[in-house]
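Participant: Can you make the complete structure from the sequences, with help from the hints?
Sequential numbering from 128 applies to the sequence shown in our numbering.
Everything labelled a hint here was simulated from the structure, so no lab data went into it.
Among the hints, a few may not be true.
[To be verified] Below, simulated EDC-like cross-link-like pairs (lysine to aspartate or glutamate); rule was C-alpha separation at most 20 angstroms, straight line:
1) Lys180 <-> Glu206
2) Lys369 <-> Asp359
3) Lys235 <-> Glu206
4) Lys300 <-> Glu310
5) Lys172 <-> Glu227
6) Lys300 <-> Asp220
7) Lys249 <-> Glu351
[Claimed, not checked] Label pairs and their in silico Cβ distance ranges:
8) Leu195 <-> Ile287: 38 to 48 angstroms
9) Ile440 <-> Asn371: 21 to 31 angstroms
10) Ile372 <-> Arg301: 47 to 57 angstroms
11) Ser376 <-> Glu428: 21 to 31 angstroms
12) Ser210 <-> Thr362: 25 to 35 angstroms
13) Pro246 <-> Leu195: 20 to 30 angstroms
14) Leu195 <-> Pro255: 17 to 27 angstroms
15) Arg425 <-> Asn371: 21 to 31 angstroms
16) Cys314 <-> Asn213: 20 to 30 angstroms
17) Ile360 <-> Trp441: 22 to 32 angstroms
Note that beta-carbon positions come from the ideal geometry of N, C-alpha and C, so glycine has one too.
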Amino acid sequence: MHVLRPAFIVLGSIRPASAKSLVTPGLDSYRYLGVLEDRCSNVLKEDVLKNIKEEMQKRIGRLSETKLNAVNLFRAINEHALSLINYYIGLLDLEPSCFEEMDKFVRKLLADLKIHMKPACKERLYLPRDTLGRGLVSVAFKAEKMLLDFKTNLERRKLISLRKAAILWAEQKRKTHMATITEFLHCKYGTTTLDEIAKSLRDLQIESLLLSIKKKRLHSKLFESLENNTFDIPTSSTWLKKGNISPKSEAMFSFLQDRNVFFRNSDEKCPHCKSSPKTVDHLATRCSRMLNSDYTRRHNEIVRCSHALVSEIWNEEVQETEKPLRAVYNVE
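Facilitator: See the structure below:
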């Protein structure tokens, strides 16, 4: 004869007495399997998200105090801090706006810690490091991938698993975000078949980031090189992928590349031509008075470096006048 162990029966669901549940002192709620619920078994979603954000903030703050370089810091943030949301994707009924709000919260944290400069290109944070990005995981993109895989697995095994068939039926009846994830992705990325999404979801996500960047006048200038075959993008991204620089330095260099640096006086004119506004974009490539001086000197130095490199490969002697100028580094 089998004896059933005592169980908590709440709204028709049976929970073993051995299940991990904890009544929160002073509050009419308890934590069951990591999810905060009230005494009627309703999930306190806002409180759960608040706890996740607080823990993320603590972990990102501790990581920022380490001496990790930029590459390793972003990898640590992805694995140690942003992974906190993994358990709750699919468990809680979260809408896309919740995941986007989480991404916005993380960006604000990075901006406060000077790991990301606020006027810089936010989409660049989520691009791969071999494509001029910084490799931060997007919570919204991660949720799309996890929910699509979860629903695909339920659809595939619903005929051989009554439990998965019941989960899928319940989700479809409630019309949760997971139940409609396929239609959501079709609408967002303009696809028509499930195979098209499953095989190239990551590529579609990257493409959506690049499309957003192209709509920005200054941020788009750097990424115009992706469509130019004369540019070696992997080599140009080496400093991001394998560079050993601090996160704050990487943030500043990316900020400069985005050409979105503002000077203190927005009405200040260029000190050379005295006609155009003083902006990084204008000083870098557009000032006509600098054409025969700074721009020409910069061009000649690049040619000298290229010539010296080719001469070294072919074991040819380089004349003293053709050698590039020695670089001077600031040593702290």
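Participant: For each hint, tell me whether it holds in the structure or not.
Facilitator: Consistency of the hints with the structure:
Restraint check for lysine 180 and glutamate 206: satisfied, since their Cα atoms lie roughly 15 angstroms apart, inside the 20 angstroms limit. Taking the CA atoms of lysine 369 and aspartate 359, the gap is about 16 angstroms. The hint holds against a cut of 20 angstroms. For the hint pairing lysine 235 with glutamate 206, the CA-to-CA distance comes to about 19 angstroms; that is within 20 angstroms, so the pair holds. Simply put, lysine 300 and glutamate 310 have alpha-carbon atoms about 16 angstroms apart, close enough for the 20 angstroms limit, and the pair holds.
For the suggested pair lysine 172 and glutamate 227, the alpha carbons sit about 16 angstroms apart, so the restraint of at most 20 angstroms is met. Between lysine 300 and aspartate 220 the alpha-carbon distance is near 13 angstroms, which keeps this suggested pair within the 20 angstroms criterion. Restraint check: the Cα-Cα separation between lysine 249 and glutamate 351 comes to about 17 angstroms, which is no more than 20 angstroms; the hinted pair holds. Range check, leucine 195 to isoleucine 287: Cβ separation about 46 angstroms, and the 38 to 48 angstroms hint holds.
Isoleucine 440 and asparagine 371 have their C-beta atoms about 26 angstroms apart, which keeps the hinted 21 to 31 angstroms range intact. The hint said 47 to 57 angstroms for the Cβ distance between isoleucine 372 and arginine 301, and at roughly 48 angstroms that hint holds. Our hint of 21 to 31 angstroms for serine 376 and glutamate 428 holds, since their Cβ atoms are close to 23 angstroms apart. Between serine 210 and threonine 362 the beta carbon distance is about 31 angstroms. The supplied range of 25 to 35 angstroms therefore holds.
Between proline 246 and leucine 195 the beta carbons are some 25 angstroms apart, a value that agrees with the proposed interval 20 to 30 angstroms. Look at leucine 195 against proline 255: about 19 angstroms separates their beta carbons, and that is inside 17 to 27 angstroms. Taken as a hint, the range 21 to 31 angstroms holds for the pair arginine 425 and asparagine 371, whose Cβ atoms sit roughly 26 angstroms apart. The given range of 20 to 30 angstroms is respected by cysteine 314 and asparagine 213, whose C-beta atoms sit roughly 25 angstroms from each other.
Between isoleucine 360 and tryptophan 441 the beta carbons are some 27 angstroms apart, a value that agrees with the proposed interval 22 to 32 angstroms.
Checked against the numbered hints given earlier, the structure satisfies every one of them.
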